[in-house]
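**Q** Given the structure of chain R, go ahead and fit chain Z with the ligands onto it with the hints provided.
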Amino acid sequence: MTKQANFKFTRRDLLKGGGALVVTFGMPGWAVAATQDGGSLSKPPLMPDQLDSYLSIAADGKVTAYFGKMDMGQGVDTAIAQIVADELDVPFERVGVLMSDTEYTLDQGGASGSTGIRSGAQPLRNAAAEARRVLLDLASEKLGIPAEGLMVTDGIIQAKNQSSRQVKYEELIGGKYFHVNLEWNERLGNALNATGKAKPKTPDQYKVVGKSMPRIDVPGKVFGQTPYVTDIKRPGMWHGRILRPPVAGATPTGWDQNSISDIPDAQVVRIKDFIGVVAPEEWGAINAARQLKVTWSEVKSPFPEMDDLYDYIRRTPHVEENAGGGFGGRVPVDEGPVNKALEGAAKVIEAEYEHPFQSHACMGPACAVVDARSDRATVWTGSQKAHKTREGVAKLLELPVDKVRGIWVPGPGSYGRNDAGDAAMDAALLSKAIGRPVRVQGMRHEGHGWDPKGPASVITLRAGLDAEGNVIAHRFQAKGFSAWDVRSNEASPSDTLAGLLVGWPKNTRHNYGTPSESYDFPTKLHFWRTIPPFLETASPLRTAHFRDPQGPQVHFASESFIDEIAAAVGQDPVEFRLKYLTDPRDIAVVEAAAKAAGWETRTSPRRDRQSGDVLTGRGIAYASRGGTTVATVAEVEVNRQSGRVWAKRFVVAHDCGLIINPDGLKRTIEGNIIQALSRALKEEVQFDRNNVTSIDWLSYPILDSTEAPESIEVVQINRPEVAPTGAGEPSTRQVAAAVANAIFDATGARIRRVPFTPERVKASLA
Amino acid sequence: MATKERISLNVNNKSYDLEVDPNMPLLYALRNELDITGPKFGCGLAQCGACAVIVDGRVMRSCMTSVRSTQGRQIRTIEGLGTPENPHPVQKAFIEEAVPQCGYCISGWLMTSVALLEENPRRSDAEIRQSLSSLKCRCGTHMSILRAVNRAAKAMA
Ligand code: FES
Ligand code: FES
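Chains as they are written, first to last, in this note's numbering: chain R, 1 to 766; chain Z, 767 to 923.
Chain R on its own, in the form it takes in the complex (with noise of 0.2 Å):
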């Protein structure tokens, strides 16, 4: 049996065990026992310089990390165990990590952006590194011996040159608090940090870093015991399910309390325009939603025809532009010098790429469990930033934002702001009326009919090229619903559905995206455009953060277009890239997947005839993201009967800066793989005039395992130079123009449009 890694939080005792979380001295996780020397017994406040707010030992000599961030299974916690066990010069099995809990973490942004490691795991190496270094002070005192003579191994310090003469962390510090300030950056969110005396180790240093460690939460979720929030039970906890209606935007008149009479103790609650029941089983409350008439106000259709999409997209008159890419400052969009290169271009090419909304589809629904009482509240929630989730929860129900605790459990997937903010809000509403804790998790038309979606957008590129066929100018624009008509998190009400229904204003910010990539175009222009949501009020197509914000909509039509430029030159895909890239890092990825890949060189698409129905071709796409820089190859077989579409062998080459953990990051790379091939081949939100309708698995199919490739290899390119960037989202961007490109290689035809059904791709093929 392979060893299991890691202390665990008995998180079960802590979520059930009555009223709010009971410690000993405020360690969760273990009792501690006083010591004698060194240390204190009491509590400093959670603040961002002091060290006891990034970790602590126990009298048994367990680490416990603090960590205001959270892993959905990339094994964030575990790389932030090794980084902590390498500084501290612990075993990475003495270390735990507590994630997301207001009580005990600070806001270091939740989950956003692959940052988990980026910007998350900088505070705790440094805090290990300073906590390490004031040990080594207590233990010279305590031995007599000048810090310099003292060596770490294991957690035990001795003197260099007598074994015999050794004093453990835990005698030093087991149980009590540090009280060391470190000098903190005044950032809180992702940018949060704050350093110490010690100087961090170097990477040729680290013993645990850079190997695979076995993850810390995989025992758990694979023997049944990893408690989720849709597992949290509270005493005299009812249920909660909410009514949506039937055409988006139209608001509750009125309901028949009859209709669901013959359920106990089940009761509606009504808010102005929220609406839900409430009862003492789920089976009550699943089945009082199910029953209850209510009568909806009359409204305008609020959508078009789903196949008037693009179109309505053209035609919309933009809100808002910038040329400054995604999240940096606004850049006027000046279109003179491009179109002007463009005009004096020896040929210019052109192409449109469609790309529908896109739904998180989470495993399960929503769920998220309140305890409002009526001067405090806590909330379990599964988002992917607890401390957001309270400032919502507490602006919503009007108290002050230390009153309320969010606890961050598991949920059902995440990928962005998907539901779980919304749940949250819901069960807050519910508990605070009826005075219980509420459960609240959503049905499954919920989790796909309302969640926030990826936007929808159509992008246009131009290229000019010289007579000799040189690009000299490239002109990018994004036209589409922002990624921010809901937020990337729930810290205001006017960001959930229950906060706009009970008259929260909505509170729209535009942002899109650009290409991230070093081709060295001589003239450049790289905008995008924004248009309204459709409703001013709680949507089912309001668009949010989907895994890696826009880079999958971006780049498959950035990446395809490169592929169409090198076809209209008569060039290989990787030559042609090689040409124009700059960064040294992106070259590296480029060449070493072509190389892994055994790419031929040659021109898309393939001359040589080949028969039979399976067609094969590959394809390259490449993008950057936040620092790291990833290259895929694409090998596809084409059925031409069918159109089907079998991405059959992918291989990826990553450069994230230093590896952490090589295991953790060939997962968590597949898995963006899969799910970003699920969504080029397979997904698009249907809706009619009135609402969604993709409600379930059959309206919103994803990839299963037949689909799934046969192979996914990746080259990990370890920088150990580099700070680590992050591996969460970076391989999603490249894989619908990489497999794009590898329809075109086999087929000659050029899909433009997300997904690449099989409908469409024969249709293409004609």
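To be clear, the hints were calculated from the coordinates, so they are not data collected in a lab. Bear in mind the structure is a predicted one, so any value in this text is a computation, not a measurement. For each residue, glycine too, the CB sits at the ideal point set by N, CA and C. Don't take every hint at face value.
Okay, the calculated bits of chain Z under chain R, using three or more residues with CB under 8 Å as the criterion [claimed, not checked]:
{"no.": "1", "segment": "803-814"}
{"no.": "2", "segment": "856-868"}
{"no.": "3", "segment": "901-910"}
Straight-line alpha carbon distances no greater than 27 Å define the calculated DSSO-like cross-link-like pairs of lysine-lysine that follow [as the list claims (entries may be wrong)]:
{"no.": "4", "chain 1": "R", "residue 1": "Lys347", "chain 2": "Z", "residue 2": "Lys770"}
{"no.": "5", "chain 1": "R", "residue 1": "Lys43", "chain 2": "R", "residue 2": "Lys403"}
{"no.": "6", "chain 1": "R", "residue 1": "Lys395", "chain 2": "R", "residue 2": "Lys233"}
{"no.": "7", "chain 1": "R", "residue 1": "Lys233", "chain 2": "Z", "residue 2": "Lys920"}
{"no.": "8", "chain 1": "Z", "residue 1": "Lys780", "chain 2": "R", "residue 2": "Lys293"}
**A** Just chain Z with the ligands now, kept in the frame of chain R:
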């Protein structure tokens, strides 16, 4: 809603007496009455497998199976498979391959794979892919699931 009746269930070799609506799906009885929370609610429509349990040796979707119909039958859930000290071969393989990401789907994949391989472990990769094709995993762990089930199949053959 129908009135409650007395129902006896046998789950993981333990007997339980419940007072529930007999038409209620087994999933809610397990999760809410018995606190056996390994099986998850994913869709309630028999489309995803998150709720899969084994009833008399056959895998079933507990979200669409009434409690009444499982009376007196042997119900197995992920909690009844193995322990960290003595894992079921499929669990062992899932750990060795570090399969789960969010893990919400994993109980379903495990139970379905267990039923498949206990019936006959001699399965080709193609058969395994086919037999698991009605399960969903939104995190996209398919590659490690397939490696794990193939590995378990070899261990059990
Ligand atoms: S929850 Fe039963 S199959 Fe999805
Ligand atoms: S591991 Fe998350 S849905 Fe499968």
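**Q** Could you run down the list of hints and mark each one as holding or not?
**A** Verification of the hints:
{"no.": "1", "hint": "803-814", "result": "holds (count 10)"}
{"no.": "2", "hint": "856-868", "result": "holds (count 10)"}
{"no.": "3", "hint": "901-910", "result": "holds (count 10)"}
{"no.": "4", "hint": "R/Lys347 with Z/Lys770", "result": "violated, 77 Å"}
{"no.": "5", "hint": "R/Lys43 with R/Lys403", "result": "holds, 18 Å"}
{"no.": "6", "hint": "R/Lys395 with R/Lys233", "result": "holds, 25 Å"}
{"no.": "7", "hint": "R/Lys233 with Z/Lys920", "result": "violated, 40 Å"}
{"no.": "8", "hint": "Z/Lys780 with R/Lys293", "result": "violated, 41 Å"}
Against the hints set out earlier in the document, violations occur for numbers 4, 7, 8.
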